[in-house]
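Undergrad: Residue-level listing of the chains:
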Amino acid sequence: MRRGTLQYCVLALLAKEERYGFDLVRALAEMNGMVTSEGTIYPLLSRLRRDGLVESTWQESSTGPPRRYYRLTEAGKAALAGFRLEWRSFRDAVDHFVERTES
Amino acid sequence: MSSTADKLVDDYLKRLNRELRGLPRARRRELLDEISEHISEGRASLAGESEADIRTLLDRLGDPEDIAAEAAERFGLAPRRAGWKEVAALVLLPIGGVLLPVLGWFIGVVLLWISDAWSTRDKLVGTLLLPGGLLLPLALGVFATGANGCEAPVGGDCPPDTTGAGDFMATALFVVLLLVPIVTTVYLARRVGRTPAVTS
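Chains as they are written, first to last, in this note's numbering: chain A, 1 to 103; chain B, 104 to 303.
If you're looking for bench data, these hints aren't it; they were derived computationally from the structure.
Beta carbons are placed, not taken as given, at the ideal position from N, Cα and C, and that holds for glycine.
Treat the hints loosely; a few may be bogus.
[Unchecked claim] Label pairs and their computed distance ranges (CB to CB): (1) A:P66 <-> B:K110: 25 to 31 Å; (2) A:P65 <-> B:T274: 56 to 62 Å; (3) A:A15 <-> B:D109: 33 to 39 Å.
In isolation and in its complexed conformation, chain A is listed as follows (with noise of 0.2 Å):
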């Protein structure tokens, strides 16, 4: 399930601001549990563009070489807005019964 997940965590880092690699995946990295192994972002992120959820643009930095940054598409906002949706009515349902279980 993390793994499904984890590409929309990734869209909605970006929904946010466009980030380049490094700050990308050590944003979700200090996410506890989301990430074991930083690299194997990279694969999923070619993986996105692949699928033209994300583009990425090379960019000039103030601080050393330029940096290639990602950011959302279009049809990348709109399939995290569908996995909101559908997030929202799963969680609901799994709280339902995992919440009253426990209590």
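For this one, chain A is given, so just place chain B on it according to the hints.
TA: Chain B in isolation, oriented as in the chain A frame:
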């Protein structure tokens, strides 16, 4: 310390490159570029550059094998095992041409190229080393012993003819021609499934 750092990074990228071997060239290039950029960014953000810092950076990236496995999954690639096509190709390439002159080898080549268990490079090796498989060396062997009027196998007790050095060269060439298809077949057998095939 910088040279140690460079070496660690270099080793890491080499291992990654090796592990990504099965991916289409463009995907592999892209991943290597991005992970090199990640490492450069990481190194630039370090105050000093101790060996421990570099090792931590690389550890956080993770084992190249894990990255390659993730890439194979994300791109819908699955490792291939040998099926009937691969087995038939491995049999026909060396001895198909002998069993069914020329045509048997040719069928082996067709099977080799329609199989997706080998990379293009492996397929070229299989085709060019050696066209006809064992047909050429065996035909030469039969021809040579026939010409000598001698029934003994090569390396046997044929009376030396006038050109001893030429004979030695001919025997050496014969042995090489005989070994090449065998070595190629062993190589191809070991390479089956090393190149993941696109399944989606």
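Undergrad: Hint by hint, say whether it matches the structure.
TA: Consistency of the hints with the structure:
1. Taking the beta carbon of each, P66 of chain A and K110 of chain B are about 26 Å apart, inside 25 to 31 Å as hinted.
2. Look at P65 of chain A against T274 of chain B: about 60 Å separates their beta carbons, and that is inside 56 to 62 Å.
3. A C-beta distance of roughly 38 Å is found between A15 of chain A and D109 of chain B, which places it inside the suggested range of 33 to 39 Å.
Consistency with the previously given hints is maintained throughout, with no hint failing.
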